[in-house]
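Peer 1: Below are the chains, spelled out letter by letter.
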Amino acid sequence: MVNYRLLQLLIVVACLTFSLLGSAQQLDDFTLDNIENEQVSLSEIKGDALTIIDFWATWCKPCTKAMPKLNTLYNQYKDQGVSMIGISCDGPRSISKVAAVANTLNVDYHILKDIDCEVMNTYQYQAFPTLIMLNADNEVVYVHEGFSNGDEDEIKAAIEENIK
Amino acid sequence: MRSAQRWILFVLVILISFQLAAQINISNLAEFQYGKLPDESADPFPSFYDRAEIDYRKKGFSISTTIEQYHTTFDGRSYFDLSQVALGYKKKKWDVKVGNIYETLGRGLLLRSFEIQGALLEDIGFRSRNYFHRDMLGASVKYKIKKATFQILRADILNNVLPPTFDREGRRTDLATAASAKVKYLKGQEAGLIFMRRDQDGGNSQNYISGLLNGTVSGLDYYAEYATDLDNDDFAFYTGLTGYAGAFSFTVEYKNYKNFVLGAGINEPPAGVKQQTYRVLNRSIHVSNPINEEGYQLDLFYNFNDGTIINFNHSLAVNTFGGQSFSFRQFFLELQSSIGENIEYKGFVDFSQDPFKGEQNRISVGLYSDIALSQNFKFIPEVEYQTFERSSSSVYNFNMLLGLNIKKKYFISVLGELTDDPFRINEGQSNRLYLGSTIRYKPSYKNTFQLFLGERRGGPQCSAGVCYEILDFKGVELRWIGKLRI
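In order, the protein sequences belong to chains L and Z. Taking our numbering as reference, the numbering of the first sequence is continuous, increasing by one, and the terminal residue is 164. Taking our numbering as reference, the numbering of the second sequence is continuous, increasing by one, and the terminal residue is 486.
For reference, chain L alone in the conformation it holds in the complex:
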């Protein structure tokens, strides 16, 4: 029992140390299929200034509520070097609906399919939807979880702040 406590104490101390030393999270390049069934990499579709990644699923109501608002932001900022990517985490049960939902919602930005939700899990994001904003070096500069009315204003403010 003493060993367990010592071990737990070590973990806590390590975590606290890490938290004091915090720095930006950075995404590695990844490759997924888009809804046109073509393989695309983050490096191919990232923005010159910012890349916004929205992790979503067809069964997630706040996700589908957010997508038209995100699409508006995308069209507003795409000429300023902002790219937007929606990564669907739909598994085998609902992946067939991804293209249908994205097209019906008139989404203009890239939609990629990640049946194992590997990208989202790798970087330990857990809520749907989760939106992350990357700078030109793929460093995460902004994270937003969930979506309710008015959140698009917060996301817009974050774009304005980080696009500089």
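Keep in mind that the hints were calculated from the coordinates and are not lab data. Ideal Cβ placement from N, Cα and C applies to all residues, glycine included. One thing to keep in mind: the hints can contain errors.
As the list claims (entries may be wrong) - Here are some, though not all, of the chain Z residues that point toward chain L, as calculated from beta-carbon distances under 10 Å:
#1 Ser-113
#2 Glu-344
#3 Lys-408
#4 Gln-461
#5 Cys-462
Stated by the list, open to error - Quick list of simulated restraints, FRET-style, between CB atoms:
#6 L:Asp-108 <-> Z:Ala-181: 30 to 36 Å
#7 Z:Gly-458 <-> L:Asp-108: 41 to 47 Å
#8 Z:Leu-87 <-> L:Lys-156: 36 to 42 Å
#9 L:Lys-156 <-> Z:Gly-358: 50 to 56 Å
#10 L:Ile-45 <-> Z:Thr-308: 29 to 35 Å
Stated by the list, open to error - Straight-line alpha carbon distances no greater than 20 Å define the calculated SDA-like cross-link-like pairs of lysine to any residue that follow:
#11 Z:Lys-147 <-> L:Glu-38
#12 Z:Lys-91 <-> L:Asp-33
#13 Z:Lys-446 <-> L:Asn-121
#14 Z:Lys-91 <-> L:Asp-114
#15 Z:Lys-144 <-> L:Gln-126
#16 Z:Lys-144 <-> L:Glu-145
#17 Z:Lys-483 <-> L:Lys-61
#18 L:Lys-61 <-> Z:Lys-147
#19 Z:Lys-446 <-> L:Glu-145
#20 L:Lys-156 <-> Z:Leu-335
Assemble chain Z onto chain L, guided by the hints.
Peer 2: Chain Z in isolation, oriented as in the chain L frame:
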């Protein structure tokens, strides 16, 4: 256990040594409970569950570990486990993973692993608690180029019903060895072939093959996969077609599964039934049974200019056992819309026949609202009602949630669930009320604190496409989810 501790210390030393030159992601889920199953005679007892995931990555190389522990006052239920260690290398065309990995072949007809974030599994038989996931212990090598993907893997699949109190070998009795190739041809067309061998502890082995076609033709997306056991006539066939025109879209799916539960359940063919987020529908969802199931699903979706969305879904699933057929039928209609800028709502009507569960003429209705009282306050009322006939008597389920969201950081809610289901009420009772309250504080995405007080109704639950059973609970539960980025 000493070996596990040495491993953890080793990994920590590595992480600390390298943290200046790389990035480290840490997430932790801790949950303290003081309570019991509402109907058990035992006294309430305390328990503590924790799962820490530490991930180190640098220039395509990664090492991750997961430490899972559960402590309670009962002998035989507690454990401390280094439950996952994985090494990965991802660079350009190569993706190599060794250790505890997640992979799905095709649409899961042969093999599916998954991780349901934040979900804990507690089996009524073992009464221990563990993370709800199905990983594989082994290795996978994937080679991706624009026109093709090749993969080989060999891994022991986790039987996630068994908690870490079981020995490691006992939890992984199925060994899968697979090779797959997917080739893209013309524009947006893909064909694939998967071969898999499954060796079960005890010497049995089976060989399977699966072929798939996937693509887009004239605005229609199609997917078809057929998998069969090479040693007998067992098979699984799944196909789906999706089309869209302007604001309208449809998806049609067909499935036919014959004796296709592989091993301890290492595969999961598409269910072909809509996953529901409404409480009464999620709880009474049809769980696909690949031993013998045939059926279809139709999903229609229309998006009006003002943002109003209508969704209609119909599914049929026929299970035949011992010459008797059970036909699950569901008709679901949902409307999502808003009134002005401050009121959003969604409502549904559902009619189902579920003879396998003995539930006939099941009617469910519900209305969820989100009312902005001011910029910082939102009132969230949700109400659902369900009724059905079982053994010639009528049963109802009613639930109501009243929630308040303050400044997007605080969420306070009270959920009451009333039922007269004979499977739920005790002798002498005419109905039963489950009453619970949740208080959540989320100062940022890095930390979420949640307190639950009261009684919670369990039952089947489906999340991220995977269904599992949660137990009733009565007591106090405190959960913390934290994330650190270095």
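Peer 1: The structure should be examined with respect to each hint, and the outcome stated for every one.
Peer 2: Hint check:
Satisfaction of the interface hint for Ser-113 (chain Z) is found here, the shortest Cβ-Cβ separation to chain L being roughly 7 Å, below the 10 Å cut-off. Here the hint on Glu-344 (chain Z) is kept, as its CB sits about 7 Å from the closest CB of chain L, short of 10 Å. The interface hint given for Lys-408 (chain Z) holds, since its Cβ lies 7 Å from the closest Cβ of chain L, which is under the 10 Å cut-off. For Gln-461 (chain Z), the shortest C-beta to C-beta distance to chain L is roughly 13 Å, which exceeds 10 Å, and the interface hint is violated.
A hinted interface residue such as Cys-462 (chain Z) counts as satisfied when its beta carbon comes closer than 10 Å to some beta carbon of chain L; here the least separation is about 9 Å, so the hint holds. In this structure the supplied range 30 to 36 Å holds for Asp-108 (chain L) paired with Ala-181 (chain Z), their Cβ-Cβ distance being about 33 Å. A beta carbon spacing of about 43 Å between Gly-458 (chain Z) and Asp-108 (chain L) agrees with the range 41 to 47 Å that was offered as a hint. Look at Leu-87 (chain Z) against Lys-156 (chain L): about 40 Å separates their beta carbons, and that is inside 36 to 42 Å.
In this structure the hint that Lys-156 (chain L) and Gly-358 (chain Z) lie 50 to 56 Å apart at CB holds, the actual value being about 52 Å. Separation of Ile-45 (chain L) from Thr-308 (chain Z) is about 31 Å and conforms to the stated range, judged on CB atoms against 29 to 35 Å. Proposed proximity of Lys-147 (chain Z) and Glu-38 (chain L) is supported: the alpha carbons are some 8 Å apart, at most 20 Å. For the hint pairing Lys-91 (chain Z) with Asp-33 (chain L), the CA-to-CA distance comes to about 17 Å; that is within 20 Å, so the pair holds.
At roughly 15 Å between alpha-carbon atoms, Lys-446 (chain Z) and Asn-121 (chain L) fall within 20 Å of each other, so this suggested pair holds. Between the alpha carbons of Lys-91 (chain Z) and Asp-114 (chain L) the distance comes to roughly 18 Å, so the proposed pair stays at or under 20 Å and holds. At roughly 27 Å between alpha-carbon atoms, Lys-144 (chain Z) and Gln-126 (chain L) are farther apart than 20 Å, so this suggested pair is violated. For the proposed pair Lys-144 (chain Z) and Glu-145 (chain L), the alpha carbon gap of about 31 Å is over 20 Å, so the pair is violated.
Taking the CA atoms of Lys-483 (chain Z) and Lys-61 (chain L), the gap is near 25 Å; set against the 20 Å cutoff, the hint is violated. Simply put, Lys-61 (chain L) and Lys-147 (chain Z) have alpha-carbon atoms about 34 Å apart, too far for the 20 Å limit, and the pair is violated. Taking the CA atoms of Lys-446 (chain Z) and Glu-145 (chain L), the gap is near 10 Å; set against the 20 Å cutoff, the hint holds. Restraint check for Lys-156 (chain L) and Leu-335 (chain Z): not satisfied, since their Cα atoms lie roughly 28 Å apart, outside the 20 Å limit.
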